[in-house]
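Residue strings, one per chain:
2 protein chains.
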Amino acid sequence: MAKNRLIYLPLGGAGEIGMNCYVYGYGPANKERYIIVDLGVTFPDMDTTPGVDLIMPDTDWIQQRASRIDAIFITHAHEDHIGAVAHLWQRLQAPVYARAFTAHLARLKFDEHGLDKRNIHTIAAYPETITTGPFTVAFAPVAHSIPESSALVIDTPDGRIVHTGDFKLDENPGVGEAHDPKLWKEIAKTGVRALVCDSTNVFSPDPGRSEITVGPAIVDLVKNARGMVVATTFASNIARVKTLADAGIRAGRSVVLLGRAMRRMVSAATEVGILTDFPGTISAEDAKDVPRENLMVLATGSQGERRAATAQLSRGKYLGLSLKSGDTMLFSSKTIPGNEKSVARIVNAFSEMGVDVIDDSMGDYHVSGHANRPDLQTMHKLIDPQFLIPMHGEHRHLRTHAKLGETGGIASIIAPNGVMLDLSGNKPKIAEYVETGRTYLDGRVQIGALDGVVRDRIRMALNGHVMVTLIVENNAPLGDAWCEVMGLPETGASNAPLIDVLENDLTQFLMRADKKTLKDDDKLQEALRRVVRKVTKDEIGKKPEVSVVISRLAG
Amino acid sequence: MAKNRLIYLPLGGAGEIGMNCYVYGYGPANKERYIIVDLGVTFPDMDTTPGVDLIMPDTDWIQQRASRIDAIFITHAHEDHIGAVAHLWQRLQAPVYARAFTAHLARLKFDEHGLDKRNIHTIAAYPETITTGPFTVAFAPVAHSIPESSALVIDTPDGRIVHTGDFKLDENPGVGEAHDPKLWKEIAKTGVRALVCDSTNVFSPDPGRSEITVGPAIVDLVKNARGMVVATTFASNIARVKTLADAGIRAGRSVVLLGRAMRRMVSAATEVGILTDFPGTISAEDAKDVPRENLMVLATGSQGERRAATAQLSRGKYLGLSLKSGDTMLFSSKTIPGNEKSVARIVNAFSEMGVDVIDDSMGDYHVSGHANRPDLQTMHKLIDPQFLIPMHGEHRHLRTHAKLGETGGIASIIAPNGVMLDLSGNKPKIAEYVETGRTYLDGRVQIGALDGVVRDRIRMALNGHVMVTLIVENNAPLGDAWCEVMGLPETGASNAPLIDVLENDLTQFLMRADKKTLKDDDKLQEALRRVVRKVTKDEIGKKPEVSVVISRLAG
Chain Z
11 MAKNRLIYLP
21 LGGAGEIGMN
31 CYVYGYGPAN
41 KERYIIVDLG
51 VTFPDMDTTP
61 GVDLIMPDTD
71 WIQQRASRID
81 AIFITHAHED
91 HIGAVAHLWQ
101 RLQAPVYARA
111 FTAHLARLKF
121 DEHGLDKRNI
131 HTIAAYPETI
141 TTGPFTVAFA
151 PVAHSIPESS
161 ALVIDTPDGR
171 IVHTGDFKLD
181 ENPGVGEAHD
191 PKLWKEIAKT
201 GVRALVCDST
211 NVFSPDPGRS
221 EITVGPAIVD
231 LVKNARGMVV
241 ATTFASNIAR
251 VKTLADAGIR
261 AGRSVVLLGR
271 AMRRMVSAAT
281 EVGILTDFPG
291 TISAEDAKDV
301 PRENLMVLAT
311 GSQGERRAAT
321 AQLSRGKYLG
331 LSLKSGDTML
341 FSSKTIPGNE
351 KSVARIVNAF
361 SEMGVDVIDD
371 SMGDYHVSGH
381 ANRPDLQTMH
391 KLIDPQFLIP
401 MHGEHRHLRT
411 HAKLGETGGI
421 ASIIAPNGVM
431 LDLSGNKPKI
441 AEYVETGRTY
451 LDGRVQIGAL
461 DGVVRDRIRM
471 ALNGHVMVTL
481 IVENNAPLGD
491 AWCEVMGLPE
501 TGASNAPLID
511 VLENDLTQFL
521 MRADKKTLKD
531 DDKLQEALRR
541 VVRKVTKDEI
551 GKKPEVSVVI
561 SRLAG
Chain X
11 MAKNRLIYLP
21 LGGAGEIGMN
31 CYVYGYGPAN
41 KERYIIVDLG
51 VTFPDMDTTP
61 GVDLIMPDTD
71 WIQQRASRID
81 AIFITHAHED
91 HIGAVAHLWQ
101 RLQAPVYARA
111 FTAHLARLKF
121 DEHGLDKRNI
131 HTIAAYPETI
141 TTGPFTVAFA
151 PVAHSIPESS
161 ALVIDTPDGR
171 IVHTGDFKLD
181 ENPGVGEAHD
191 PKLWKEIAKT
201 GVRALVCDST
211 NVFSPDPGRS
221 EITVGPAIVD
231 LVKNARGMVV
241 ATTFASNIAR
251 VKTLADAGIR
261 AGRSVVLLGR
271 AMRRMVSAAT
281 EVGILTDFPG
291 TISAEDAKDV
301 PRENLMVLAT
311 GSQGERRAAT
321 AQLSRGKYLG
331 LSLKSGDTML
341 FSSKTIPGNE
351 KSVARIVNAF
361 SEMGVDVIDD
371 SMGDYHVSGH
381 ANRPDLQTMH
391 KLIDPQFLIP
401 MHGEHRHLRT
411 HAKLGETGGI
421 ASIIAPNGVM
431 LDLSGNKPKI
441 AEYVETGRTY
451 LDGRVQIGAL
461 DGVVRDRIRM
471 ALNGHVMVTL
481 IVENNAPLGD
491 AWCEVMGLPE
501 TGASNAPLID
511 VLENDLTQFL
521 MRADKKTLKD
531 DDKLQEALRR
541 VVRKVTKDEI
551 GKKPEVSVVI
561 SRLAG
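Listed in order, the protein sequences are those of chains Z and X.
Each residue of the first sequence is one higher than the last, beginning at 11 in the numbering used here.
Each residue of the second sequence is one higher than the last, beginning at 11 in the numbering used here.
The set of hints was computed from the structure by calculation and includes no laboratory data.
We put the CB at the ideal spot given by N, CA and C, even for glycine.
Please note that a few of the clues may not be correct.
Claimed, not checked - Restraint ranges, calculated between C-beta atoms of paired labels, are given here: (1) P384(X) - G336(Z): 25 to 35 Å; (2) T200(X) - F213(Z): 30 to 40 Å; (3) K327(X) - E483(Z): 14 to 24 Å; (4) N505(Z) - R236(X): 57 to 67 Å; (5) K298(Z) - M521(X): 28 to 38 Å; (6) E122(X) - K547(Z): 37 to 47 Å; (7) F213(Z) - K327(X): 20 to 30 Å; (8) D55(Z) - T141(X): 21 to 31 Å.
Said to hold, decoys possible - Coverage of chain Z stretches by chain X, computed from C-beta distances (three or more under 8 Å per stretch; other residues unrestricted): (9) 52-61; (10) 82-88; (11) 118-124; (12) 190-200; (13) 343-352; (14) 521-528.
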């Protein structure tokens, strides 16, 4: 009989921050039963993924084994953990388990995709467990920046795994559950084989601060503000949203929720019963009748997202509201690397309006949702695992986290996306390398990252695009070749229109072209492409993308 | 007789960090004589300027008055102050004045562009002056992160202006001139009308640190490193480059300069006589014969530039050198906002090789070249000007700097690019709004930012590009319309190739099209475009860019 093994395979999130997706398996090699932890997305950028709508893990490997997937667990409702669940579910077809708030948001996604919501199962926190195949799983509450975040306690025939999800050690998180060292001691008591642990903040040297520390500063700021106050934060950070709303109320202001996500998150948290005492709000419409110094607006778009409420306000009126000199704009958030320019653009637009922009550069109005380096060490000690497997981080985070583990005397191993670990032995060992990648949602279509579609877009963006059309009759050109140009300067070195120079040189070429070339579409296309690239290089110093269409008329 | 006025007009650098270009004028309104201070560039990005090579100020306004430009002054040799001088000089045709190191580098640029170097004049530091038109100008040495940085002391019939350029208050800058409070007191003694002042670091709350403070930490790091040490910093930061090289020598290592800019800057500083005791270096070729623990490599590319030495090393071998586990990579630099992702990509690549990457997150290995908030206050007090005009900053920097000035009792005014100030009266007042913008160097061609070329590239990158060709004979289609697609998924909702669906629907449309449409190229193009956009929207959920080429055959 084949020997059983316990495997860990990250398909996303290990080698990047975002797009979390981890597979655990137990059984004979390549016949394991599987569970998936998280199905997250990451966001595209112009540099590498222009025009793409969402980036998801490439789940090809696990899809090929879909009949052996027993369950999908979602640790919490941040998009980088839940965002792909509805996009990919059709291919995976396994029951989804989550706690109430997360399940509620997963159901909204299933609704939007026309999927059957009965596949989503709400389960309560530890000590409740769900047994599925060889795995028994509990959701152990952790503090993070969204309600009901949970670590998973995964019991297997080869021992217990603690998969932290995203967490911090906050004993006063405001809304939601506190970090509970007693709970972790209880969970660790029986021994933990592997701690699979969030690495996001491994470079932050000081202990993390509690959510409760931002309250007083926000209350002061809002109390002392003269005009309208607009505050932006992640809508899913319900504790923060409540702190901001409460600060508004305490300063005698009416609270306005601006942006779809803001309203959806507050209503989800209320429906699920997490949020019981959120103050009453007024609509943007009604806010127009309230003096601006009596308004506290909570807006989406803390990361500079172009279509979110904050960006809209920075461009002028939004739903009848607009900011002006004397108003205050508070970024109760940290700018995620890569978003600096978008955020700066908005801050500058507000600056031009004379709005006072307050951000978190002094650390007063925001705290992170992730465990810092000393907090990670605390967690290592609480769990005291046999192995540490750093996850959720770029390679530099994983490596530094593994070193931290080793320093604390815990055998640590780096497993980036696609590296399958066998956790059954005395030491984790690499079992296989699985091909992984990324799947792009492009419009409504899912494409592979290596399909060439996005590569072509990048090339057109960098080099411009020239289209050549030619009609050929009886293997002779009928008239001249025509050019259309997109994304290239109109004139170059010779000061004549680029199109004219191109068409002239193409005509010259065609007059000299031999029959062999004219007869062969591939040859002719390649020859015309070469002429275009040479002319454009000479004229403007760039080699464009070239498409050639040859129409052959029956003679 | 018309009244003379003294004007200040930023064409670049006020409303952004980078691309510095300031005009001063004196004379009757719109008949002033002018001087230009700095002709800098800024760098393109994929988000807003894909495919662009360099971004320069739009100097159209001053070009139209080129006969009245008396001189161009370059404060220092950073690209955001000197980078456009050779690109734009042909249109401005005025003598260029700079100190020796800056002039040396300007001459190299003139050489590359085939311009006459005799137009570049080296002038010595204050108290030497050059009188040109109504202006008498001196280069007053300031500390910065490149040798011979200077503030300009501009004497005009309406008083003295101090234009700081980039500066910090460093009394121990290593290579180069120290901040000299006595000098500034002397300059301020006669009274200063306007202080036009660097705003880059106005958000940094603590006093700036001296260049000399990084030396010991670097020496320790290099001494204790086991394998090869590669350090990257801006090549133009000669003081830092020397500190790094000296640290290598002290640790018994041979120094290698990797990257063209690194060698050019060290040789420029040596030729000009600023750098007298730079240690001997060996070539990358010879380095192959030296044990890795005896190598100290100074590499270009601290900002993650794809083609620079550091990025090349992160991708594998470069000039025979490569890094491996046990080696150390030091970023003696701060990542400029917008470059975070490029730098992180490189750091992660080194992490995968097992290289220890040290950056400046702890503040040990880098200091900024700009005056922090308290330093700006010190400068305000030293100069004690009638007006403060913040420059070199985004709007938020200018606004915060102006507030800082007002707090110190100095009348302060914000003048972003295109806002012309009249400085002749008791208070600075806005004289005119001048249309300004940006000029792109695209390949070898200069294009306007609003020409639509880059907009088209961005659209192709976001939406993909469909090309339709159709032959029309006697106002009837000859055969079917053909499609070529670039940057779009191959199949969509109907699971048939997108091209087939497009060509089918175009054929359907053409069969029904009326003569009026078929006769009119514009109408027909628009109609075909609409069909393509509708089909693509239905199939894949995106509306692409569409080019239509109609070839009409004589019947």
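Cross-check of the supplied hints:
no., hint, verdict
1, P384(X) - G336(Z): 25 to 35 Å, "holds (27 Å)"
2, T200(X) - F213(Z): 30 to 40 Å, "violated (51 Å)"
3, K327(X) - E483(Z): 14 to 24 Å, "violated (53 Å)"
4, N505(Z) - R236(X): 57 to 67 Å, "holds (60 Å)"
5, K298(Z) - M521(X): 28 to 38 Å, "violated (54 Å)"
6, E122(X) - K547(Z): 37 to 47 Å, "violated (19 Å)"
7, F213(Z) - K327(X): 20 to 30 Å, "holds (29 Å)"
8, D55(Z) - T141(X): 21 to 31 Å, "violated (51 Å)"
9, 52-61, "holds (count 5)"
10, 82-88, "violated (count 0)"
11, 118-124, "violated (count 0)"
12, 190-200, "violated (count 0)"
13, 343-352, "holds (count 4)"
14, 521-528, "violated (count 0)"
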